[in-house]
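Asker: Protein chains in written order, with our numbering: chain A, 24 to 724; chain B, 12 to 187; chain C, 5 to 169.
Everything labelled a hint here was simulated from the structure, so no lab data went into it.
Okay, the calculated bits of chain A under chain B, using three or more residues with CB under 8 Å as the criterion:
{"#": "1", "region": "309-321"}
{"#": "2", "region": "340-351"}
{"#": "3", "region": "398-405"}
If you want the ones that stay clear, here's a sample from chain C, every Cβ over 12 Å from chain A, calculated:
{"#": "4", "residue": "R37"}
{"#": "5", "residue": "A79"}
{"#": "6", "residue": "P83"}
Glycine included, each C-beta is placed from N, C-alpha and C at the ideal position.
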Amino acid sequence: MLPTLGHVAVVIGLGASLYAFVAFVIGARRSDPRLVESARRAVYATCALAAVASTAMVVSLLTHDFSVSYVARNNATTTPPFYSIISLWAALEGSILFWTLLATGYASLVLWRYRARHPVLMAWVGATLAAIGVFLFAVMTWPGNPFARMTPIPAEGNGPNALLQNHPFMGLHPPLLYLGYTGLAIPFAFGIAALVTRRTDEAWLGIVRRWTMVPWIFLTLGIIAGGWWSYEVLGWGGYWGWDPVENAALLPWLTATAFIHSSMVAERRGSLRIWSSVLVIATFVLTILGTFLTRSGVVASVHSFTASAIGPWFLGAILVALGVSLALLVWRLPDLAGGGRPAELVSRDSAFLFNNVLFLGLTFAVLFGTLLPLGIEAFGGGKISVGAPWFNRVNAPIFVALLFLMGVGPALPWGRASWATLRERFAIPLLVAVAALAVAFGLGMRMPAPLATLGLAVFVGGILLDELVSGARARARARSEAPPVAAWRLATRNRRRYGGYAVHCGVLVMAVAVAVSATLSSETTTTLRPGQSVDLRGYRLTYDRLAVGPLRDDPRVLETRAELRYTGTQQGSLATASRQYPNSVTPIATPAVRTSLGEDLYVTLLAADPASGSVTLHVLVNPLVVWIWIGGAVVALGAIFAIWPDRRLLPMAAPAGADRPRPAPRPGTATHPASLPAGPEPALDAAVGEAPPSGGARVDA
Amino acid sequence: MRRLRWLIVPLVLVPVAWLFLQGIGQDPRALGSQLVGRQMPSFTLRTIDGRTVSSESLRGRPVVLNFWASWCIPACVDEHPVLIDAARRVGGRAQFVGVLYQDRVDDALGFLQRYGETPYPHLIDQASRLAIDFGVTGPPETYFIDATGVVRAKQFGPLTADAMRAKLATIGVTDR
Amino acid sequence: MRRLAVPIAAGALLALIALMVLAFMRPAPAPTRAEQAAAIAADLKCPDCQSLSVAQSTTEASAAIRRQIGELLAAGRSPSEVRRYFVDRYGEWILLSPTSPLAWIVPFVAIVAGALLLATWLSVARRRTRTAAPAATRAAADGPASVISEAAKRRVRDEAEALDA
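Based on the provided sequences and hints, a complete structural model is requested.
Answerer: Right under this line is the structure:
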């Protein structure tokens, strides 16, 4: 019954998104607001239908309804409720359903939010989003039906993938990642709509940046949570392995980040519009590409879902998205090119542009490395591998160059820089960085990579701090405020700039932590009998005993647990285990991680001999790893700070979240941000998201 | 000149489509063998029933060398009847040999008891040395070696009756 | 103070770099056999897992390869011979880094080309503005008037802020 309901919802969803697409296109061409309105409601309906289907699936999982093939393959009667619920995204078909729910949710949100504005532009945005909906519902109707039935109905299911049910983080990492992925369809839709309607003005840019920032934050958190998950679960002591599935998440992140930077120049100079559209389009195409790569079995990956009929569909989607976008770009090239004043070679503008070169270079390098095995084989060159050593060696210098630009860029003035300003701004940070390098060198750090990263991080951090301090001091003097108050007001009146600095600080912290943890960790593999101990970098681990027994919340899982005590910088006891899941041939290691601010003690159980009680352990001491997660949190917080709607500057806007229907500002009478009494730099992206400036209303009116 | 701009669309789409179409439908893990056309590595190993088999002793007859494991489910279960069937029929003309891949002897014996005893011996691969010499990436993998000791073909993944017939032909053993 | 800082910092940086170069040039102690083995293991792909090296992986196959590396080194083979040994058996596939120099150069060529393209574009665009002085006004006429005025206003604001700092 319930699965049938879910399936029916999917099929109706396909019809509704098809209708929405057609009605949006016709409505936009005939300027028929009623048709557009009905199309928009059809999109809301697809979201509701996706919610019905997802609920049907979750309930089927919770009630262990094995007549549904997906449930039989990914659930068992003993699966705890939490893991039953998150099994919605544990395998291919369910994850597409979840994906559809998020995508239609984003689409509804955006169409609803801008329902009274930019009618023509929004109609094309709606058409693009509806087309994406058509694709997703079609995939679920034909090759990837999540409600496909199974006969005969098995008495017991297969249970969730052992790796995925081993850690509660699975409840967090995929939703964050998918919220990032699906949200990046929004800027894409705006990009397509802008190309169709010839509208890439400041209002457009503001909306697109805002709706890139939101998924960007989710994607950032998703990637970091993914690293954290693999660190806590996979047991090899690392967090990033340059697996295709990780690269698939990184690629759109890189181009989205490039867009966020280039959009600042685009906004300031009125140039780079075509470039902005190229970046948002590339970002979206890369999100589908990533899905295709990891779900079609084209490249070998950690979580390659079993090769399925879905691959060709995603390939088709890539080709359609790429083909339509390219054709539109070629068509509109004459309108979009040019405009704006060129920048000096040494200026903040050009620093942003070179930043784009580096980000795209990084994107290219990662894509190149991911696809190289496929390419070589396609040309008959046999099988090769491109793994972490290649990615690390090729990408590290690019990252270091980006780090350098990150400090230099914000310190350069817009337009052009004189030597005097350069000296003014770089002198102290440079001095501090050299001192830090000397200290690190003196303390015995000899590896070039962490030394370079550390030196640059201190240099860049010094510049950022100097910016904040001197700005706050000037404000404190001018308005006689206490320095902390002045700093806070300066930052909140200039959210984008100082939020950006906070993001950069987070990145600096992560960079140092990655460089140090990657090069300066210690490890040993040893076999111990009860009572024996092993020493590693100031730690002494003593092995007490072996315990074997079923897991409390899932008795089908047999856990072999080695209990140890440790003394050193941290002290206490830990248990590192390996779990034998009924549906996994190899036992799944459950490493024990003891985290401190300085270093992590990481113990994996490799093998255990119940007869003699002896165990083989892999012990690592990883310095500074926790700072990667802390830095990641700073990045996310900084980004949220940057896009936080600033009410003071938006007398017209209702508080976020309480957005009641209200009369739309008429074109021409719209509040223009420039007319507002603003701080040094108004939160223009927020303002523009609310009201179109007169220039933008031209096309729609 | 203006028209020429449109060329960029096929110039991007066609290579992308071509590259990915090459990849669709292939198992990215399937690895060819470096040994095809070369002499098989030499070895001397004990079997699970306590005898000794060496590469020298196999010389002179075509050999089918099957790496398998009791934990390799379902692939090794799937190909098991194919192996038994082929060994019964062409066993007089080719020597079948199983090699345990990272497996315990007891588990392997249990597997054979459950899914069918084979009319050929199984080797215990000490320290996975033979698996490394053959470049095995995971069971099941099967190597077809001709009478002169040269490796002629490799099967990645479970054998089907058709694959067995085709690969036996490469070492001069025709089935029916 | 700031005026003096640059030469001081530059001098100190140079001295530090010189010191580091000297430190790196000092002949490093020959790697022990264990270090050699670890380096080889880090460059070999674990045959039965994904995207992990033999050094990182905990599978039995990786353990077997690590053991084999140790034995080959102990038997007097050089690290490159040991790598060759595994390539002979598994193919290039076992190496985590592609051997073709092209694989290493292409990304950097792309970046350098991109940077050169950008620098050329910047300088050409600048020259064009200089020869045709009213370009800015023309650009203003192209786009919505508010874009330029807003950008200009903000630029003034930014410069003022810079002066203030």
